[in-house]
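Let the sequences and hints guide you as you build the complete structure.
In this note's numbering, the protein residues as written are 1 to 248.
Calculated from the structure, these hints are not laboratory results. It should be emphasised that the depicted structure is a prediction, and the values quoted were computed from it without experimental measurement. Watch out, some of these pointers could steer you wrong.
Keeping only pairs whose Cα atoms sit at most 20 angstroms apart, straight-line, the calculated SDA-like set for lysine to any residue is [as the list claims (entries may be wrong)]: (1) LYS61 with GLU111; (2) LYS123 with ASP157; (3) LYS123 with THR26; (4) LYS203 with ILE179; (5) LYS156 with LYS203; (6) LYS232 with SER216; (7) LYS232 with THR26.
Have a look at the derived ranges for each label pair, beta carbon to beta carbon [to be verified]: (8) ALA233 with SER154: 20 to 28 angstroms; (9) VAL201 with GLU111: 40 to 48 angstroms; (10) ILE59 with LEU134: 31 to 39 angstroms; (11) THR57 with GLN24: 14 to 22 angstroms; (12) THR74 with LYS156: 33 to 41 angstroms.
For every residue, glycine included, the Cβ atom is placed at its ideal position computed from N, Cα and C.
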Amino acid sequence: MLLIPAIDLKDGKCVRLRQGEMEQVTSYSDDPVAMAEHWQSLGARYLHVVDLDGAVTGIPKHLSHIEAITKRLTIPMQVGGGIRNTSTIRAYLSCGVDRVVIGTAALQDAEFLAAAAKEFPSKVLIGIDVKQGLVAVHGWKTVSSLTPQQVFESVKDLPLGGMVFTDISRDGMLAGPNISALRDAVDISPFPVIASGGVTVLKDVQTIQALGSKISGIIIGKALYEGTLDLKAALEMVASAEASRTSC
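This is the structure in C-alpha cells:
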C-alpha cells in the first residue's frame, strides 16, 4: 500500500482547500518542484498532483509545472484535474507522468473514458468524489444524481488502473476519514481503491490499511503540510504492518 503525498496546484502555488472550496485556500509553497522533492526525500514512493484550476475550467493550467516535477524526481506520479480529452492524457504521459485521474469527464462522456482506458490500459484511474453519498463533478462544484455504485457498474469492464475515492466533506478538514463510506467503496469497487480525504493522524492510516489489500494507496494532503502526521513515521508503520502480514 502506497502513502501518497498530495500536491494541489493553484495559480502556480502549492495549496490546500477546505472541502474543495476554491475560496477557502491556504498556500504552502510558491515552488511546487521543491515541495515534490521534499516529499521524495522523506521516502515517498509516489505523488498525487492535482491541477485545481484545470479541474474547474476543464483546461489544464499547470502542464509546465508538472513537467518540471517529473524531470526532477525519480519517483512516479499521477495527475488529475481538467483532463477532458485524449490529447491531454498523451501530453501528460509524454512528459513523464505515470498515470492520470479522470473525474468529471469519466461521468459525463462514457465514450471518452472507454477510449482512453483502451488506448492507455492501466494508466487511467477514475476519480470518484462523493458528497452526501452522491458523486460530484466540475471541481466538486456540482453534485450529480449518481451514486458510486452506479458509476462502478458502468465502468467495471474497462481496463482502468484503479479508483481514487474522495469524501469531499472530509477533505482538508483534518477531521479523520469517512471509514464507513470508504468501506462501502472497497466492497463494491471492481478496481483497487486509493483512499483520499480526511487522513489526519497515524491511527487513520492504520484504520484504512485494515480495510484490506484492495486499498492500494492513501493520499495524504493537509495533514502533512500542517504537521499532524509525520510521513516518515507513517511509511515505517505501513512497512512494518505489511512485513508482519507477509510473515504470517
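Outcome of the hint check:
In summary, the hint linking LYS61 to GLU111 is not supported, as the alpha carbons are separated by about 24 angstroms, beyond the 20 angstroms threshold. For the proposed pair LYS123 and ASP157, the alpha carbon gap of about 15 angstroms is at most 20 angstroms, so the pair holds. Between the alpha carbons of LYS123 and THR26 the distance comes to roughly 31 angstroms, so the proposed pair goes past 20 angstroms and is violated. Between LYS203 and ILE179 the alpha-carbon distance is near 12 angstroms, which keeps this suggested pair within the 20 angstroms criterion.
For the suggested pair LYS156 and LYS203, the alpha carbons sit about 32 angstroms apart, so the restraint of at most 20 angstroms is broken. Under the criterion of a C-alpha separation no larger than 20 angstroms, the hint pairing LYS232 with SER216 is consistent with the structure, at around 18 angstroms. A C-alpha spacing of about 24 angstroms is found between LYS232 and THR26, which places the hinted pair above 20 angstroms, so the restraint is violated. Evaluation of the 20 to 28 angstroms hint for ALA233 and SER154 yields a failure: the beta carbon distance comes to about 39 angstroms.
Remark: the range hint 40 to 48 angstroms for VAL201 to GLU111 is upheld by a beta-carbon distance near 42 angstroms. With their beta carbons about 25 angstroms apart, ILE59 and LEU134 fall outside the hinted range of 31 to 39 angstroms. Look at THR57 against GLN24: about 19 angstroms separates their beta carbons, and that is inside 14 to 22 angstroms. For the pair THR74 and LYS156, the beta carbons lie near 34 angstroms from each other, so the given range of 33 to 41 angstroms is met.
Going down the numbered hints, you'll see the structure goes against 1, 3, 5, 7, 8, 10, while the others check out.
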